[in-house]
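There are 2 protein chains.
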Amino acid sequence: MTLTDLATRTYNHSFRLDPIVRSLLDTDFYKLLMLQLIHSRHPDVEVTFSLINRTRTVRLADTIDEAGLREQLDHARTLRFTKQELIWLAGNTFYGVERMFGPKFLEWLADFQLPAYDLRVVDGQFELSFTGPWAAVTMWEIPALAIVNELRSRAALHHRGRFALDVLYARAKARLWEKVERLQALPDLVLSDFGTRRRHGFLWQRWCVEALKEGLGPRFIGTSNVRLAMDADLEAIGTNAHELPMVAAALADTDADLARAPYQILSEWQEDYSGNLLIVLSDTYGTAAFLRDAPDWVARWTGFRPDSMPPIEGGEQIIRWWQEKGEDPRTKLLIFSDGMDIDSIEATYHHFHGRVRMSFGWGTNLTNDFRGCDPSGDDAALAPLSLVCKVTRVNGRSAVKLSDNPAKATGDPHEIARYRRVFGTPDQSARPVRV
Amino acid sequence: MTLTDLATRTYNHSFRLDPIVRSLLDTDFYKLLMLQLIHSRHPDVEVTFSLINRTRTVRLADTIDEAGLREQLDHARTLRFTKQELIWLAGNTFYGVERMFGPKFLEWLADFQLPAYDLRVVDGQFELSFTGPWAAVTMWEIPALAIVNELRSRAALHHRGRFALDVLYARAKARLWEKVERLQALPDLVLSDFGTRRRHGFLWQRWCVEALKEGLGPRFIGTSNVRLAMDADLEAIGTNAHELPMVAAALADTDADLARAPYQILSEWQEDYSGNLLIVLSDTYGTAAFLRDAPDWVARWTGFRPDSMPPIEGGEQIIRWWQEKGEDPRTKLLIFSDGMDIDSIEATYHHFHGRVRMSFGWGTNLTNDFRGCDPSGDDAALAPLSLVCKVTRVNGRSAVKLSDNPAKATGDPHEIARYRRVFGTPDQSARPVRV
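Residue numbers (the numbering used here), protein chains in the order written: chain A, 1 to 435; chain B, 436 to 870.
What the hints contain is simulated information worked out from the structure, not anything from laboratory work.
Treat the hints with care, since some could be wrong.
Pairwise CB distance ranges, derived in the manner of DEER restraints [as the list claims (entries may be wrong)]:
#1 A:D188 / B:P867: 31 to 37 angstroms
#2 B:F450 / A:P115: 30 to 36 angstroms
#3 A:E271 / B:N447: 53 to 59 angstroms
#4 B:R595 / A:P19: 31 to 37 angstroms
Using N, Cα and C, we set each Cβ at its ideal position, and we do this for glycine too.
Just chain A, with the same shape it has in the complex (with noise of 0.2 angstroms):
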């Protein structure tokens, strides 16, 4: 006798939406840090957002259908917070830190809605864009890119047969453990989960998360997505990313307040933050000018997090530097987080071992890894995008990003000059940006 649950099947032949954005929380911490310091700081600058698709070759537009794209986006605006999230950062530790988010902020979080988006298809590509007050719009970043990626796994394996799926997702189960099980082997490794925005779905992340829970125990330290790690009780990950240095850089009006925008907006951070947030992203415009310039209380922070140069060199460089400034490297913290996967968390790991302490957030590589899976035998439909969305306009003037990979660079061409002219970053050789 077969038991069907007819309340079920009825309801997975007749859904009219299977929504890949179910709650605000479904989002990166450091968005939340963010947003705090944006809404307190900065609540009258108007910024744009834009979807970046570094992938030209994939013509997004004519895999993901127009109308599905703008029911997702549609159904992540009538999101808000509930009573239980808010409950939870409310009364949750993060960092070790009791009543991390004010009372004044979760209040405000109450009524937060995602703002309208602005969507056209221009050769193949979505034109999608957000504008509007800052602390709107930068919560758009990660349901936006998650919205779009699931929507292009989705259209991928929308003709496969049940077992061809069932085939490929027990080979990425199979993969992913035989990467748990060299990460096994790495006796003080500390990781977290990075992959929300480039994840192949929801589901699979949280099965990701949870692979890497039961395998790695106290070696993985949490996830960046706050949701996974209000369901998982694991704790939730992150601290700062490049639109702080950007957004700051784009309201001076001088090139010496431009000059000293990067360390302005840390100074901020670090009246609002402290301890293990305390981490600088140092390649905006270019780690060696950032370095170069610091001010000598940068040095005093817990740690850097190189996200553009390749991580030994990246983060030799930075130690070197504290050296010069005296620090201990030994008491310091690197974060590697740029397109990692296990052969270059290995690397890295063995490289820095016993010289500086390590954290790796593993993202693209940990939650969208689908190579050799699918049972056609052909990876392109799932290989993951370098997909982005970036801030591109602030108060109406460009924003830019130098980066320490020009393949990264982004922003109006005269206002890059400018930047590389007052920050002294050269035009470095661009290497080819993955994930």
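Given chain A's structure and the hints, the job is docking chain B onto it.
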């Protein structure tokens, strides 16, 4: 919101027994073909079948709870052929033949019940045997093996976490699919599932069968498991087994009768069946002896199933014999089913391709290959046993099998010596029996 199916959840957490064998059709097709012959021609023969664990190093009774084994055996005895199953046996076409099973036989089947069993624990092993009319006892072979094997799998996995189990089955699926992809490269492959007796479990066998159906299309010709053939609309595959010549030999009163017995039972078979069911299993008392003394009509049968010699060596021996008898091997069929796996299937296929028709019966290494799949890293607990259930006594006499591999010989030592003398079968060197 999470919908909980309360009935399913309550059932899953409180059932008394999870039956391993749930249908009398959950057996190999050759048992039914043989059963019809036994029922019509040898209704009065009394036999004993005994479970034999050739893997003596595994103390089964230390792993499997005796009370649990009794519960499963008792449950199998409560089963009857259902009306749906009997209608299917009557109305289905087997090997292109309608009404393979006669109405009198089906009428008798309607009341069929597995007979009593005798179970003791001796030195860490189960002494499990079945004594009674051949036409009842013979039907214990497959369910007894399936029950013991699945109880062992369950014991191995009993205290594993949900996650370890998920990874284990994901790896096993990925592993099987790698094999399927290699088989897809063999355009003229003819393959069927022979894995019921040694399966990891019923649900896993079903997955494997569905995988082959999906992955190989018409090159997967069917399954020996009658219930799976019925449920998945596949051909039921099988012909006859060693028990026919073994019982016929044991019934022989003189040495001359003994020498004739293996051919006598084949002549009965060809009176009852035809076409692709005319497959010779030649190794019971040594293939060389069998071929040397075989009447000419045996060469006109459709094919052979070499079962205890390396496949290429065994196939070449039979091809030479066909050629001596003036038969064209290209019109003949060789069925390879002894411990085959992907490597030996590929090698055998390429060796004989174009020279003879071939079919592969893939058993243990299809439905019970978990090598490298257990996250604990220990493969031993899930490694398949060389477990058989053989006729051991016939009307009070010892039943004997010599085989082409002396490691597979069974029977009273004095009788084995007499059989060797009568059939002129030398005591070859034994090869290890892996599965």
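Comparing the hints with the structure gives:
For the pair D188 (chain A) and P867 (chain B), the supplied restraint of 31 to 37 angstroms is violated, since their beta-carbon distance comes to about 44 angstroms. A beta carbon spacing of about 52 angstroms between F450 (chain B) and P115 (chain A) contradicts the range 30 to 36 angstroms that was offered as a hint. In this structure, E271 (chain A) and N447 (chain B) meet the distance hint of 53 to 59 angstroms, their C-beta atoms being roughly 54 angstroms apart. Our hint of 31 to 37 angstroms for R595 (chain B) and P19 (chain A) holds, since their Cβ atoms are close to 33 angstroms apart.
Hint violations for this structure: numbers 1, 2, all remaining hints satisfied.
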